[in-house]
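Protein chains: 2
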Amino acid sequence: MSFSPLIRQLIDALRGLPGVGPKTAQRMALNLLERDREAGRHLAHALESAMEGVGYCRRCRTLSETEICDMCDDPRRDDGLLCVLQSPADVWAVEMAGSFRGRYFVLKGHLSPIDGLGPEEIGIPALLERVEGSAVAEVILATNPTVEGEATAHYIAGLLKPLGIKVSRIAHGVPLGGELEFIDGGTLAHALAGRTAIG
Amino acid sequence: MSFSPLIRQLIDALRGLPGVGPKTAQRMALNLLERDREAGRHLAHALESAMEGVGYCRRCRTLSETEICDMCDDPRRDDGLLCVLQSPADVWAVEMAGSFRGRYFVLKGHLSPIDGLGPEEIGIPALLERVEGSAVAEVILATNPTVEGEATAHYIAGLLKPLGIKVSRIAHGVPLGGELEFIDGGTLAHALAGRTAIG
Numbered sequence: 001m002s003f004s005p006l007i008r009q010l011i012d013a014l015r016g017l018p019g020v021g022p023k024t025a026q027r028m029a030l031n032l033l034e035r036d037r038e039a040g041r042h043l044a045h046a047l048e049s050a051m052e053g054v055g056y057c058r059r060c061r062t063l064s065e066t067e068i069c070d071m072c073d074d075p076r077r078d079d080g081l082l083c084v085l086q087s088p089a090d091v092w093a094v095e096m097a098g099s100f101r102g103r104y105f106v107l108k109g110h111l112s113p114i115d116g117l118g119p120e121e122i123g124i125p126a127l128l129e130r131v132e133g134s135a136v137a138e139v140i141l142a143t144n145p146t147v148e149g150e151a152t153a154h155y156i157a158g159l160l161k162p163l164g165i166k167v168s169r170i171a172h173g174v175p176l177g178g179e180l181e182f183i184d185g186g187t188l189a190h191a192l193a194g195r196t197a198i199g
Numbered sequence: 001m002s003f004s005p006l007i008r009q010l011i012d013a014l015r016g017l018p019g020v021g022p023k024t025a026q027r028m029a030l031n032l033l034e035r036d037r038e039a040g041r042h043l044a045h046a047l048e049s050a051m052e053g054v055g056y057c058r059r060c061r062t063l064s065e066t067e068i069c070d071m072c073d074d075p076r077r078d079d080g081l082l083c084v085l086q087s088p089a090d091v092w093a094v095e096m097a098g099s100f101r102g103r104y105f106v107l108k109g110h111l112s113p114i115d116g117l118g119p120e121e122i123g124i125p126a127l128l129e130r131v132e133g134s135a136v137a138e139v140i141l142a143t144n145p146t147v148e149g150e151a152t153a154h155y156i157a158g159l160l161k162p163l164g165i166k167v168s169r170i171a172h173g174v175p176l177g178g179e180l181e182f183i184d185g186g187t188l189a190h191a192l193a194g195r196t197a198i199g
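Sequences listed follow chains G and L, in order.
The numbering used here numbers the first residue of the first sequence as 1 and each following residue consecutively.
The numbering used here numbers the first residue of the second sequence as 1 and each following residue consecutively.
Read the hints as simulated data drawn from the structure, not as lab findings.
Hints may contain errors.
Rough simulated footprint, nothing fancy, chain G against chain L, three-plus residues with beta-carbon under 8 Å [said to hold, decoys possible]:
no., segment
1, 26-33
2, 41-47
3, 54-65
4, 83-92
5, 185-196
Glycine included, C-beta positions come from ideal geometry on N, C-alpha and C.
Next comes chain G alone, as it looks inside the complex:
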């Protein structure tokens, strides 16, 4: 025995972070305790505030601490253009790219029948509701360029076409098999600009 209970608990809790193993967690705990307790307290407070205060935007379903997020609320954005993505991280990535000025809609991942994730589970009915009777003239499908992401895009395209809405897919400037979240802004901007009609 060498860790006291509070230190042991802290190390275990740090291992709850993605990519943090036992050695890293131990190093983090020690660093905070020995060198920077203020950073530790600050992190505790930031975690608590975020876990309690951050919910989802009622309109686009991205992470937001207000009922309607800043991007949905911004009157300068183009209501005619709706970009559909798989996760809030993807919204962040597209925003960082800086070239898109339309609206967003965030799915809960991609279709995956084998995991029990059908259209209902990932929020496709809510997307149709969002689009119908709205000013949206074009839906850009920006799901990941993976097999599942493509399948999800095609499924959604099939539903939107009959509604007379233009449906496009981000261009193949994005490398196949990559994840949108990790792609650089320039590539993403190209992919948005070079979008092609689908279906």
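On the provided structure of chain G, position chain L as indicated by the hints.
Only chain L this time, still in chain G's reference frame:
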């Protein structure tokens, strides 16, 4: 703009952890918010408890949430043997090794006059106080095998010798499981000089 203030604060606070850059912090924040808020709350609580509740053992100066740590308090440990280390992390490492059953004393790093860290700053007077008039018969100097660690060990040895206490230094040699081919010359020279009879 794409992160709301609470998310931005959380990402910034996570960057206070050692080895966590902006991308990793973003991934951690998203993972907690999207997949595991319970882990986030748990971490907040563990951090708060540890930052407030963990202090230093009055006797050995390792991190402890009690005035005297479990290792100093354990009556089954050998009072005659005192192992001197540079940090609480080193205590943990020696404890994990499992073979040492004496007591510990933790310095605040090593001597570094250039940084204004003299004997007083790293706790050498407290070490002498701890040893004098105690049951300690042998002090094992287990500071790091670096130039500064060696210098610190030699300095302490010079102070303890006149007190009639046996002073030893942890052995230098090849680490178990290592390959000779990749071990530096200094270590090899030490390993050869410190060879022991076999069979």
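Right, here's what the structure says about each hint:
Figure legend: the segment 26-33 of chain L, annotated as covered by chain G; annotation consistent (8 residues with Cβ-Cβ distances under 8 Å, at least 3 required). Here's how the segment 41-47 of chain L fares: 7 of its residues keep a CB closer than 8 Å to some CB of chain G, so the rule of at least three is met and the hint holds. Here's how the segment 54-65 of chain L fares: 4 of its residues keep a CB closer than 8 Å to some CB of chain G, so the rule of at least three is met and the hint holds. With 5 residues having a beta carbon nearer than 8 Å to a beta carbon of chain G, the segment 83-92 of chain L meets the requirement of three or more and the stated coverage holds.
Residue count for the segment 185-196 of chain L with a Cβ under 8 Å from a Cβ of chain G: 0. That is fewer than the three needed, and the coverage hint is violated.
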